[in-house]
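Make one complex out of these two single chains by using the hints.
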Amino acid sequence: MSGPSANCPSCGGQVVFRVDSSFVTVCEFCSAAVARTDRGLEDRGKVVDLIDSASPLDLYLEGRYGNSRFELVGRTQIQHGAGGVWDEWYCAFDSGHWGWLSEAQGRFYMSFASELASAPAFGQLGPGMPLPDVGGGMVVAEVGHAQILGAKGEIPYLLEPGKSYSFADLSGQDGAFGTLDYGDSPPTFYLGKEVTLDEIGIAISAPSRDESAERAVAGPALTATALECPNCRGSLDLVAPEQCERVACPFCGALCDVNQGKLSVLQILDKERFPDPPIPLGSKGIFEGHEMMVCGYMVRSTYDDGDAYYWDEYLLYNSHLGFRWLVDSEGHWCFVEPIGVADVNVLTTIAKHGGHTYSLIESGNSQVEFVLGQFYWNVEPGERVEMREFSRPPHTLSEEKSATEVTWSKSTYLPKDEVEKLFGVTLREPNHGTVGLGQPYPHNGIFKIFGILLISAVAVFAYGKTRATSKVVMSQTMTFPEGTVAATQVVFSEPFALKGGRNIEVEAYSPVNNSWVYLQFDLINEKTGAVTFFDMPIKRYSGIDGGEEWSEGSTTSTKVLKAVGAGTYTLRISNERKVTHLPAKVRVTIKEGVFRILHLLVLLGFLALMPLFTYLHRIGFENTRRGGSSSSSDDSWDHDYDHDYDYDYD
Amino acid sequence: MAKLYFLLGMAGVGGYGYVSHSGWEYSSQKTRFVPMSVKGTPGGYRSFHYWHAGYGGYRGGK
Chain F
1 MSGPSANCPS CGGQVVFRVD SSFVTVCEFC SAAVARTDRG LEDRGKVVDL
51 IDSASPLDLY LEGRYGNSRF ELVGRTQIQH GAGGVWDEWY CAFDSGHWGW
101 LSEAQGRFYM SFASELASAP AFGQLGPGMP LPDVGGGMVV AEVGHAQILG
151 AKGEIPYLLE PGKSYSFADL SGQDGAFGTL DYGDSPPTFY LGKEVTLDEI
201 GIAISAPSRD ESAERAVAGP ALTATALECP NCRGSLDLVA PEQCERVACP
251 FCGALCDVNQ GKLSVLQILD KERFPDPPIP LGSKGIFEGH EMMVCGYMVR
301 STYDDGDAYY WDEYLLYNSH LGFRWLVDSE GHWCFVEPIG VADVNVLTTI
351 AKHGGHTYSL IESGNSQVEF VLGQFYWNVE PGERVEMREF SRPPHTLSEE
401 KSATEVTWSK STYLPKDEVE KLFGVTLREP NHGTVGLGQP YPHNGIFKIF
451 GILLISAVAV FAYGKTRATS KVVMSQTMTF PEGTVAATQV VFSEPFALKG
501 GRNIEVEAYS PVNNSWVYLQ FDLINEKTGA VTFFDMPIKR YSGIDGGEEW
551 SEGSTTSTKV LKAVGAGTYT LRISNERKVT HLPAKVRVTI KEGVFRILHL
601 LVLLGFLALM PLFTYLHRIG FENTRRGGSS SSSDDSWDHD YDHDYDYDYD
Chain X
1001 MAKLYFLLGM AGVGGYGYVS HSGWEYSSQK TRFVPMSVKG TPGGYRSFHY
1051 WHAGYGGYRG GK
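Chains as they are written, first to last, in the numbering used here: chain F, 1 to 650; chain X, 1001 to 1062.
Careful, some of the hints might be misleading.
What the hints assert, rightly or not - Quick list of in silico lysine to aspartate or glutamate cross-link-like pairs, DMTMM-like style, CA-CA up to 25 Å:
#1 Lys1030(X) - Asp535(F)
#2 Lys163(F) - Asp343(F)
#3 Lys1003(X) - Asp417(F)
#4 Lys1030(X) - Glu507(F)
#5 Lys562(F) - Glu505(F)
#6 Lys352(F) - Asp133(F)
#7 Lys527(F) - Glu1025(X)
#8 Lys46(F) - Glu28(F)
#9 Lys1003(X) - Glu418(F)
#10 Lys559(F) - Glu1025(X)
#11 Lys401(F) - Asp343(F)
As the list claims (entries may be wrong) - Here's a subset of chain X near chain F, in silico, CB distances under 7 Å, partners left out:
#12 Gly1023
#13 Glu1025
#14 Ser1027
#15 Gln1029
Just so you know, the hints here were simulated from the structure itself, not pulled from any lab data.
We put the CB at the ideal spot given by N, CA and C, even for glycine.
Next up, chain X with everything else stripped away, as it sits in the complex (with noise of 0.2 Å):
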């Protein structure tokens, strides 16, 4: 049991390491490339959200 503690926990640090060097997060953020048609067109940026996600409406507050 002490071995496979050893292990678990030497790899929980080692991944802890990674983190720390990495800059790796558990975020819900996607990230997509701009087609080339979008992104040789001037002001293509203003458009691409809609294209990605949509407008689905923010419903938060009160």
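Here chain F stands alone, though its shape is the one from the complex (with noise of 0.2 Å):
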């Protein structure tokens, strides 16, 4: 792009405007902010010098969005009210419209200004109020007041050095995002999404092969620059000294404040209430693929219901991801990463979150302790913010509301083993008797392996009732005559011929009432001698009494027997009876290969056994995850730690 130059109308140094449409360029020669007017061109004042931010970005780099392509133009730095600085970039696209690439924390959002009908009042606003009719649905996730500070190349507005404004960040769902600018009367709505720089083709510097070999883990090599503590003279070493608010000395606890790379000690923190960090500042680990620095630490505390519970939080910096956190809750460690206001739908006690629901388990407020290092805000021991932290192992997420801003972020559940490998340092143990908020249950592993063995039981059963055919080989009434008791009588059956191999029914049945038979049986194997015996009562009684009918026993018994070989069989009965002066009827069926539920029943309950049980353990655990997971307790909020950091506090 090239375009008509002219003299600055400040120093008279040539200043020229790429962009058909932009209002404003800054003169590289005297950072006068020269905007074109239908009255020639107009020094706005002067520009400060823009703060060297380690932004990946440069001016006139080139993008795409969608099938636009664009070119960085022009750049503002802004002074967020709460301390902090971040950067716009504004992007010329072909077809002439224009692009704002918004740059914090290691974070982009592309936005396009967009047609609003009518937008609330400033005063009206506050953090996660819903806004139904802006961009289709967007939610407020901050409001705050801004100060343009420096720029550098063209600028798409009148821009006006120094001017303060206020601001609304909204956020949608899926990564839309949005603000809501009232420097303007009305104000302007900007409405765009988070990208990453890959997905709208920017290029960051071309490294050499063994550096881009390198990167591929470790993103943009984590470099520190030193300050000296005005307190002690001690080396602070800041990893992103652009985006520093606040440092804490780790040698002597001067809280500083950060200004342009000067430091002014704000408090001196009790260093002593609080032992050292287990893992260093300065110490650097993995996560998602990238080196990530340890910049930060923090103590926190909530209190309920007459206990204070605390907590350690570590701040990881990568220039290519921004911050993460580190959390250390009585021993269960979480990796903690921010996600969209609005990608968060809270119901009550549950909160969904792409396409999985949470349910709540804590809520209250939570307090800043101690700190150490740096932060990217204006931290400071007594910072208090809402939190309500959603549980959905190993996930967590926490919704932190302040006066101005809501965040939301999401926590995965790490083992303390894998924290100490990716620090080498060796952590404590997690206290006895807690459950992490995000820590998964054990032994969900019995639940699968229960449901394996159930569909291999299944699959047996199926086998099983293919061989029942419970076919009858013979069935056959005989008749006892009338005799006594001491002469104990036998009948034969017909030979019947057995396949072997299956079960065997034997069903009985004589027309006894108030009476019993007992039988005898002997089955024979006409070939080998085998006699397989084993005997069947049967018995009925009836009456009435007290006028209601009664009844016990049955006119029918039965029996199963294991399989007998193959062969040809004769069936031996003898019998007893209580009545002996009258002939006896049996009737015997004989069925092989019957099918047995009780099998399946008993193994069935064999395999339930453990579930069962660890289904009761998981209840347990899931209420102490709800009544114990933070377990440390105090009689007042100002509780001082235990100087020898046993993690106790009590």
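If you want it as structure tokens, here you go:
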């Protein structure tokens, strides 16, 4: 791109408008914001020099958004009202329209000026407030004030250096991002989404082959800038000095404000109250395939039902990913990354995110107790936010809400061993009897195995069913003549064949009433002489008692025998009976290969024992998670840590 | 614990498979072989039951 050039009205140097539709260009020689108006060029005042933010972007880089090509032609740096600076890059598209590429804490948002029928008044907005009529439904993530600091290149609006304005950042679903800029009247609405540099086709500086391989894991090299503590003269290594707002000296505990690389002491923290963190500042570990450095450490607490609970948070930094967190709560670790405010849908005690449902575990206020190292906001002990925690192991959703901002983050549980391996340190064991918010139940595998065993059992059941033909191999009615008990009577069945290898069901029927007959069987293999003997009583009694009929026993008795060998068999039956002066009829039916549901039930009962105990154990586990996820207690919010830092805090 | 459960469970399923295939039952039945002297005697089976079990006299019923 190239365009008309003119002389700067401030210094006379040459200024160029490369883009036809830009309003302002910043003079490279005197930093004057030169605007072109219908009256000619106008000096709108000097802009301050840009702070070196170590941004991977630069002017005149080209990229693509969808099918449209753009070029980064301008940049402003804006001071956040609560401290911190973010960059806005202006994208001149070939089609003539403009895009705003915001860069903050390593994250990028592409947005475009959009129509808005009516914007709510700034004073009506609050964090977490839904705006269903804005951008297809968005949520206020933050309300704040900002001031334009430096600028460079060409700007698509009439830039006023030093101008302050109010804004509201909005969050929509699936990374949708919006801003209501109250610097204009009516406010300007910008709508877009979070993007990665890869998505918008911006290739950051071409590294050498060796560097390229290294960056695949580490990202841009993490380097630190050394500053001197104004209190103790100790060396403070800032890994992201351009994004650093507060530094707490690890040597003397001086909490310093950072203003353009200059430190000023705000207060001296009681460093003796807190021992050194087990993962030292400056330690590096690989997360999400990127090397991250521990640049800050804080102790936070919450107060619940008379008890104070403490946990530790480590601020991690990678220039490509931005900031992440590593949290240690009673020896339970998790890795925390930010998510969009509007991507979480809260329904009283559940939160939905990414198609999954999370259960509310905790809510309350949290307070910063102690800080070490550097932070990207104006943190200080006593800072409070409202918190809600929703769990779906191994993940946890956390909402933190202040007067001006609401944020959501997603945690992933990390086993202690993994953290130890990442940082090469030795960490304490999780406190006995505690369960981490996102800690997965360790025996969930039992339920999966139960499923596998169940399927296997059903397969065997189906096989057994095919073998269970229940074939009647003999059915015969025999009569025992009248006689005496002493003279036991014997009858023989006709010979019958058995296939063998299948169980045998013997059913005996005798029409007894208020009587009994006792049958003794010999199942005789005609060829081998093997005799299988068993007995079966039949008894049935009935009557009327108190006007009600009753009965017990049955005229039929059944017995299932284990398989015998194949062959021809004869059944020998002898009997004893109560009534001997009358003949007794007995009908005997023999089936081979009967299906036995009892065996399946016994197996299922056996298989279900372990899952049942596991299920009961898991209930206790979940109760501990809900009731004892933070167990250390004290009587007051202002409780002092144990100097030995044994994490018992009591 | 999961491994132990898996092994025990598979043993249980295997046992069920064996039972289904072999026709095994938990039964009080007993098996003897008729001695050749008895087998070779016409009507020998008639006395065999007394020979192997004797007569205990059933006391069931009312």
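Results for each hint:
| no. | hint | in the structure |
| --- | --- | --- |
| 1 | Lys1030(X) - Asp535(F) | 10 Å, holds |
| 2 | Lys163(F) - Asp343(F) | 33 Å, violated |
| 3 | Lys1003(X) - Asp417(F) | 22 Å, holds |
| 4 | Lys1030(X) - Glu507(F) | 18 Å, holds |
| 5 | Lys562(F) - Glu505(F) | 9 Å, holds |
| 6 | Lys352(F) - Asp133(F) | 22 Å, holds |
| 7 | Lys527(F) - Glu1025(X) | 24 Å, holds |
| 8 | Lys46(F) - Glu28(F) | 11 Å, holds |
| 9 | Lys1003(X) - Glu418(F) | 23 Å, holds |
| 10 | Lys559(F) - Glu1025(X) | 10 Å, holds |
| 11 | Lys401(F) - Asp343(F) | 16 Å, holds |
| 12 | Gly1023 | 3 Å, holds |
| 13 | Glu1025 | 4 Å, holds |
| 14 | Ser1027 | 5 Å, holds |
| 15 | Gln1029 | 4 Å, holds |
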